[in-house]
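**Student:** In order, the protein sequences belong to chains L and S.
FYI, this note's numbering numbers position 198 of the first sequence as 198, with every residue one higher than the one before it.
FYI, this note's numbering numbers position 260 of the second sequence as 260, with every residue one higher than the one before it.
Hints were generated in silico from the structure; no laboratory data involved.
Among the hints, a few may not be true.
Pairs count within a copy or across copies, as identical chains cannot be separated in the list.
Said to hold, decoys possible - Below, in silico cross-link-like pairs of lysine to any residue (SDA-like), each with a Cα-Cα straight-line distance of 25 Å or less:
1) Lys263 x Ala91
2) Lys263 x Ile230
3) Lys162 x Ala91
4) Lys189 x Tyr84
5) Lys263 x Asn99
6) Lys263 x Leu288
7) Lys263 x Gly203
8) Lys196 x Gly137
9) Lys196 x Asp50
10) Lys162 x Ala17
11) Lys196 x Pro74
12) Lys76 x Ala158
13) Lys162 x Gly85
14) Lys263 x Pro154
15) Lys263 x Tyr112
16) Lys196 x Arg139
17) Lys76 x Asp50
18) Lys189 x Arg259
19) Lys189 x Gly85
20) Lys189 x Glu302
21) Lys263 x Phe297
22) Lys196 x Pro109
23) Lys162 x Leu140
24) Lys76 x Asp114
25) Lys263 x His202
26) Lys196 x Ile230
27) Lys196 x Arg259
28) Lys189 x Glu278
29) Lys189 x Ile230
30) Lys189 x Leu140
Each chain, letter by letter, is given below.
There are 2 protein chains.
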Amino acid sequence: MSLLGIGSVAFDTITSAYGTAERVLGGSCTYFSLAASYFTQVRIVAVVGDDFTAREEEVFRRHNIDIRGIQRAPGKTFFWAGEYGANVNEAQTRATELNVFENFAPVIPREYQDSEFLFLGNIQPTLQADVRRQLGGVRLVGGDTMNYWINNTPSELAETLKVMDVLLINDAETKSLAHDTNLPRAAQKVLALGPKVLVVKHGEYGATVFFGDHAFGIGHHPFRAPTLPIEEVRDPTGAGDAFAGGFMGYIARQGELNREVFKRAMFYGGVMGSFAVERFGTERLQGLRHEQIEERFQLFRELTHLG
Amino acid sequence: MSLLGIGSVAFDTITSAYGTAERVLGGSCTYFSLAASYFTQVRIVAVVGDDFTAREEEVFRRHNIDIRGIQRAPGKTFFWAGEYGANVNEAQTRATELNVFENFAPVIPREYQDSEFLFLGNIQPTLQADVRRQLGGVRLVGGDTMNYWINNTPSELAETLKVMDVLLINDAETKSLAHDTNLPRAAQKVLALGPKVLVVKHGEYGATVFFGDHAFGIGHHPFRAPTLPIEEVRDPTGAGDAFAGGFMGYIARQGELNREVFKRAMFYGGVMGSFAVERFGTERLQGLRHEQIEERFQLFRELTHLG
Chain L
1 MSLLGIGSVA
11 FDTITSAYGT
21 AERVLGGSCT
31 YFSLAASYFT
41 QVRIVAVVGD
51 DFTAREEEVF
61 RRHNIDIRGI
71 QRAPGKTFFW
81 AGEYGANVNE
91 AQTRATELNV
101 FENFAPVIPR
111 EYQDSEFLFL
121 GNIQPTLQAD
131 VRRQLGGVRL
141 VGGDTMNYWI
151 NNTPSELAET
161 LKVMDVLLIN
171 DAETKSLAHD
181 TNLPRAAQKV
191 LALGPKVLVV
201 KHGEYGATVF
211 FGDHAFGIGH
221 HPFRAPTLPI
231 EEVRDPTGAG
241 DAFAGGFMGY
251 IARQGELNRE
261 VFKRAMFYGG
271 VMGSFAVERF
281 GTERLQGLRH
291 EQIEERFQLF
301 RELTHLG
Chain S
1 MSLLGIGSVA
11 FDTITSAYGT
21 AERVLGGSCT
31 YFSLAASYFT
41 QVRIVAVVGD
51 DFTAREEEVF
61 RRHNIDIRGI
71 QRAPGKTFFW
81 AGEYGANVNE
91 AQTRATELNV
101 FENFAPVIPR
111 EYQDSEFLFL
121 GNIQPTLQAD
131 VRRQLGGVRL
141 VGGDTMNYWI
151 NNTPSELAET
161 LKVMDVLLIN
171 DAETKSLAHD
181 TNLPRAAQKV
191 LALGPKVLVV
201 KHGEYGATVF
211 FGDHAFGIGH
221 HPFRAPTLPI
231 EEVRDPTGAG
241 DAFAGGFMGY
251 IARQGELNRE
261 VFKRAMFYGG
271 VMGSFAVERF
281 GTERLQGLRH
291 EQIEERFQLF
301 RELTHLG
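Given the sequences, and given the hints that come with them, work out the whole structure.
**Tutor:** Laid out in structure tokens, this is it:
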């Protein structure tokens, strides 16, 4: 079933111990939609500038991603430059040029009105809520946020959290949002703010999903999915967005919302995140085969399941 | 089958957000042996002072732990005081009084010579190797170490690692020992130093076991066990030792060394570690019932297994 993603499309210059990739296609919406495209039909809303050419369009088209919702504005596309040192979990930002992204006002095209699943990528919370209002009969709303919005727009974020069914954030964001340093306690506090389901991403340790009381009638026991111990993390950029893409894409493909679907979605999220980091930018996410995804899913299962 | 543990017996004064416990029974060997006692017959070698009374002896006896190997020396028992702040994963040491532990020279009593499983708790590496030499036909040697020995006695530790079959350490210790910040790569480097099996403990994220080539003929795919998200971590002291106790105790009970045994041992390690932190000191480990251990094992399984 159709999945709509909003967020950023960008050009990134990324440096890690493995080298530098100059002005490669990036942005949360790009990673998200590429990862999700292996599971379901994806459509996106984003904004790009004059430097976004037929070559970039082609990347989305090859994955059957509907880009009619991409707005074109005069100026340059969002640009980010970052560098990863010994600690690959933390990027040093070298440049952030918002460009056309600064005045992004997402508009949902009429052709997207039948979208059943929605993912609100990490943008200003009021814009996220506004997108939600533009869509009527959506079945599940997933969303992301970051410490910048948690710290600087808490009341706007509080409103937006009420319209999110599933919030996907990391450990630090969960603790910061809940003002609590104990993760499971912080998770319960975040669930009390609105989301029915909270996915907390632990980087190299996988992710845990916490369910609110009566969320989809599936009980409140948490579930933890692993990630693969990867010896060569070339570029961690977009791992969280790829996780969200695998997670939401798998759910959208199933249509049904039950505990087993959420559990497997956690595995597929981890699978897509683990692929993303193996190459610079979106390179790895652009060239996957379905057998490779299933093979890694099985690896994740062997990594965690008793006989 | 019989499991021999060596390490420290101590009195600890522990402060956390939940209060203070004054001079409670602690030490790596105490946590280890109590946790292991739920699985197999345990015997220990340690040193205590005049302040170790019949009351402390009774704790071990109630768990059928053989303490004939406990040496008594004039003076006081090892004393440690520590405090946990907002970050429960890191203790601030307030006092360390080695006392009789300073001159600990472990001697294996004749009655222990038939021990089939050995755990070398975290003491000076040369002493660990010396204990290993005192035991002939042992089937599996597990061991622990810490950053202090990694940094200050690297060559002694290098010798000791050659006689360890299973090394159980945490993420930071693994990276420090391997001089590599990437965990799976660091794990491979540590395995090259001697141990056939490396268990890396990730604190609240569980633990991963890495197998060396041809280790017990069980293949080299890693396996990851969870821990329970615990809302009230009263006192994390001894969690790693309790993990080692559950891990080694389960293996000793099985007798057989295959991949499934190691996998389940990882789960039982996590189970015992998760109990340890729920109360101050060894309180929780002193009063468990087997049904509670099995119940938590099932919780761990539900937390991680797809349907």
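**Student:** Could you run down the list of hints and mark each one as holding or not?
**Tutor:** Consistency of the hints with the structure:
| no. | hint | in the structure |
| --- | --- | --- |
| 1 | Lys263 x Ala91 | neither (29 Å within a copy, 35 Å between copies) |
| 2 | Lys263 x Ile230 | both (22 Å within a copy, 20 Å between copies) |
| 3 | Lys162 x Ala91 | neither (30 Å within a copy, 38 Å between copies) |
| 4 | Lys189 x Tyr84 | between (32 Å within a copy, 23 Å between copies) |
| 5 | Lys263 x Asn99 | neither (39 Å within a copy, 52 Å between copies) |
| 6 | Lys263 x Leu288 | within (22 Å within a copy, 31 Å between copies) |
| 7 | Lys263 x Gly203 | both (18 Å within a copy, 23 Å between copies) |
| 8 | Lys196 x Gly137 | within (18 Å within a copy, 56 Å between copies) |
| 9 | Lys196 x Asp50 | neither (40 Å within a copy, 57 Å between copies) |
| 10 | Lys162 x Ala17 | neither (41 Å within a copy, 32 Å between copies) |
| 11 | Lys196 x Pro74 | neither (39 Å within a copy, 61 Å between copies) |
| 12 | Lys76 x Ala158 | neither (32 Å within a copy, 56 Å between copies) |
| 13 | Lys162 x Gly85 | neither (37 Å within a copy, 33 Å between copies) |
| 14 | Lys263 x Pro154 | neither (30 Å within a copy, 44 Å between copies) |
| 15 | Lys263 x Tyr112 | neither (28 Å within a copy, 47 Å between copies) |
| 16 | Lys196 x Arg139 | within (13 Å within a copy, 50 Å between copies) |
| 17 | Lys76 x Asp50 | within (6 Å within a copy, 77 Å between copies) |
| 18 | Lys189 x Arg259 | within (21 Å within a copy, 39 Å between copies) |
| 19 | Lys189 x Gly85 | between (33 Å within a copy, 21 Å between copies) |
| 20 | Lys189 x Glu302 | between (33 Å within a copy, 23 Å between copies) |
| 21 | Lys263 x Phe297 | both (12 Å within a copy, 19 Å between copies) |
| 22 | Lys196 x Pro109 | neither (28 Å within a copy, 59 Å between copies) |
| 23 | Lys162 x Leu140 | within (13 Å within a copy, 55 Å between copies) |
| 24 | Lys76 x Asp114 | neither (31 Å within a copy, 75 Å between copies) |
| 25 | Lys263 x His202 | both (16 Å within a copy, 22 Å between copies) |
| 26 | Lys196 x Ile230 | between (32 Å within a copy, 20 Å between copies) |
| 27 | Lys196 x Arg259 | within (13 Å within a copy, 38 Å between copies) |
| 28 | Lys189 x Glu278 | between (34 Å within a copy, 21 Å between copies) |
| 29 | Lys189 x Ile230 | between (32 Å within a copy, 14 Å between copies) |
| 30 | Lys189 x Leu140 | within (21 Å within a copy, 45 Å between copies) |
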